[in-house]
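With the hints as extra help, turn the sequences into a complete structure.
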Amino acid sequence: MRELAYYEAKFEALREVLAADERVHLIGGTFLSLSPHRKLFQEIAERYPDRVAAPPISELAFSGLATGAAMAGLRPIVDFSTGSFIFEAWPQVVNEAANAFYMSGGQTRAPVVFHLFHGLRGGGAAQHSASPQAMLWNCPGLEIVLPASPRDVKGLLKTAVQSDNPTLFVDHVQLLETRGPVPEKDEAIPFGVADVKRRGADITVIATSYMVQRSLAVAERLAGEGIDVEIVDPRTLVPLDFPTLMASVEKTGRVVIVDETHQSCGVAAELAARIAEAGFDRLKAPLRRVATLDVPVPYSEPLEDFIAPSETRIAEAVRAAVR
Amino acid sequence: MLLIRHFEERLIALHDDGAFRGHYHAYIGQEATGVPALCSLAADDYIFTTHRNHGHLLARGADPGRLFAEILGRRDGYNKGKGGSFHSAAAALGFLHTSGVVAGILPLATGAAYASKALKNRRVTLCCFGDGALEEGAAPEALNLASLWKLPVLFLCENNGKYGAGRASGSSQSASMAAYPLTDLPRAYKIPAREIDGADANAVYATVSEAVEEVRGGAGPRFIEAQTVRWPGSETNWPTVPAPTNVSLAWDVNFVPDNAREWYRLSDPLLIFIRELIEGRHATREEIARLEHEVKDQIEAAARFALASPYPDPEEALKDVFAS
Chain A
27 MRELAYYEAK FEALREVLAA DERVHLIGGT FLSLSPHRKL FQEIAERYPD
77 RVAAPPISEL AFSGLATGAA MAGLRPIVDF STGSFIFEAW PQVVNEAANA
127 FYMSGGQTRA PVVFHLFHGL RGGGAAQHSA SPQAMLWNCP GLEIVLPASP
177 RDVKGLLKTA VQSDNPTLFV DHVQLLETRG PVPEKDEAIP FGVADVKRRG
227 ADITVIATSY MVQRSLAVAE RLAGEGIDVE IVDPRTLVPL DFPTLMASVE
277 KTGRVVIVDE THQSCGVAAE LAARIAEAGF DRLKAPLRRV ATLDVPVPYS
327 EPLEDFIAPS ETRIAEAVRA AVR
Chain B
420 MLLIRHFEER LIALHDDGAF RGHYHAYIGQ EATGVPALCS LAADDYIFTT
470 HRNHGHLLAR GADPGRLFAE ILGRRDGYNK GKGGSFHSAA AALGFLHTSG
520 VVAGILPLAT GAAYASKALK NRRVTLCCFG DGALEEGAAP EALNLASLWK
570 LPVLFLCENN GKYGAGRASG SSQSASMAAY PLTDLPRAYK IPAREIDGAD
620 ANAVYATVSE AVEEVRGGAG PRFIEAQTVR WPGSETNWPT VPAPTNVSLA
670 WDVNFVPDNA REWYRLSDPL LIFIRELIEG RHATREEIAR LEHEVKDQIE
720 AAARFALASP YPDPEEALKD VFAS
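So the sequences go chain by chain: A and B.
In short: position in the first sequence from 1, add 26, done, that's our numbering.
In short: position in the second sequence from 1, add 419, done, that's our numbering.
What the hints contain is simulated information worked out from the structure, not anything from laboratory work.
Only a predicted model underlies this, so the values are computations on that prediction, with no experimental measurement involved.
One side only, chain A facing chain B, incomplete, derived with CB under 10 angstroms:
1) His51
2) Thr93
3) Ala95
4) Gln118
5) Asn121
6) Ala126
7) Thr134
Just so you know, even glycine gets a beta-carbon here, dropped at the ideal spot from N, CA and C.
Right, dumping it as structure tokens:
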């Protein structure tokens, strides 16, 4: 299989979904972040001038505009750029889009995709580093997608555009340069199918988004210490493929959950609760969370490193769980 | 207009009888705005409305029985009992989504208009909201986008400000807005805006029809502020009826309580319209009385239908979270 950089796979997906369905509109233009790769995006913007809109800095209105357009027949993909900016659009995302199908009694679909870059990008400080997906997991009606590899970003974006539900496409700028295999043929990766990113026998690490790549690096190091780590990536939180996660936990009897949302009421907390409910008696050691510490994200590098789910903290948690 | 009035009055009675919970918002006093405005639309146009939606739905031909059923939380409601008074929507009639957040629909309506422009289907989106909606940030953001991208949306602000005195002196009621008159706001975004008397059904029809055709023709958004007078029973979220409406009030208000007499005499748009019909010899008192009789029968049948409709199965609560 050919190998692509993550940003190339994502760009290919955007190009293909625009070519395949003229109902697809892009609202916003930093899908490849503000990195130099944004020049690639220019190609799309010039090719589809009527379908790539550059909105004013009005997150509330343009997210609602995309939702309303989705209700009336389009398949818009909205770009919030930095994840923290979705807070400006909260009423439209959580109170309109998420509720639309339900409170209309199943009359009105809102097939809109909300795209954002979450997490610690390095120096983003408190207002440009948010991981809003845990808060959004608390809003029934939203699908939540967290790609972690070139193949996943392409295949999951295809499915997001086809979905009839409002979908959060939660990306991470630290993934953009990651290289990996991507099939030439068109591949839509279904939601609700977890992916075992590394086979192992001693312990399960459940990781999301960029934390998958970080956990893979830690697993290689720990292999040298004789710890055989299995890494399972849920890929989508809503819908969640819990059986695959639980099957791995039951196999190894030990689990560490690595995720970049804040620890309290975070993604790791919810997964831990479900595992404890479903199989507390299958655990050979207490389950552990490695999440962002419960403080606003600091700017200074050593401070940010200290609160992050770093390689050091992941390795310590895994060692403690297998001890 | 008669149907809306008797629907709302019957709804108030149903609430007073304990037939449903929660608060709700009646459309009484705004009928001469909503009815002609909705009559100005084509069959496949879109309408977005708010918590005060009953009048808009009925003006578009919604079944009063299914609307009662929705507000009563019954299985036969338009939204299967999941929306209630605040969120009643009927997609088949063009009501895609009804929001209980006052400015929530301005971006959504702008979005439906964006879709219509992209799909070149010549549909107009009518966005009906109250003056309070302009106090939320979503409103100016949406006005800016609609104007910037020349989208086919008509913003209809039904100003039902509290104080009739404001209108009597010929001004907007905007005690909570520094932008005054309210039409200054759309005009700042270069949206042509007009202020009209919302109790004048003929003026509303003429103005909205003209605006709809301009919007449909690709001229970009339009904004209309209709001045309405909040009726005396809607001071709270739990309305009361000072005197049940009877078309004979159009020519005799002597048996109305003192505190409501001025409203019925000067401000009630339904009675104003009836007086116009009679004075213009378009209808006789007897014809109007007969029509009211039929409407009351229809409303009673609708209420019976809703009260007889079963509640949804509890497990229904778990359905419709996702489309597929």
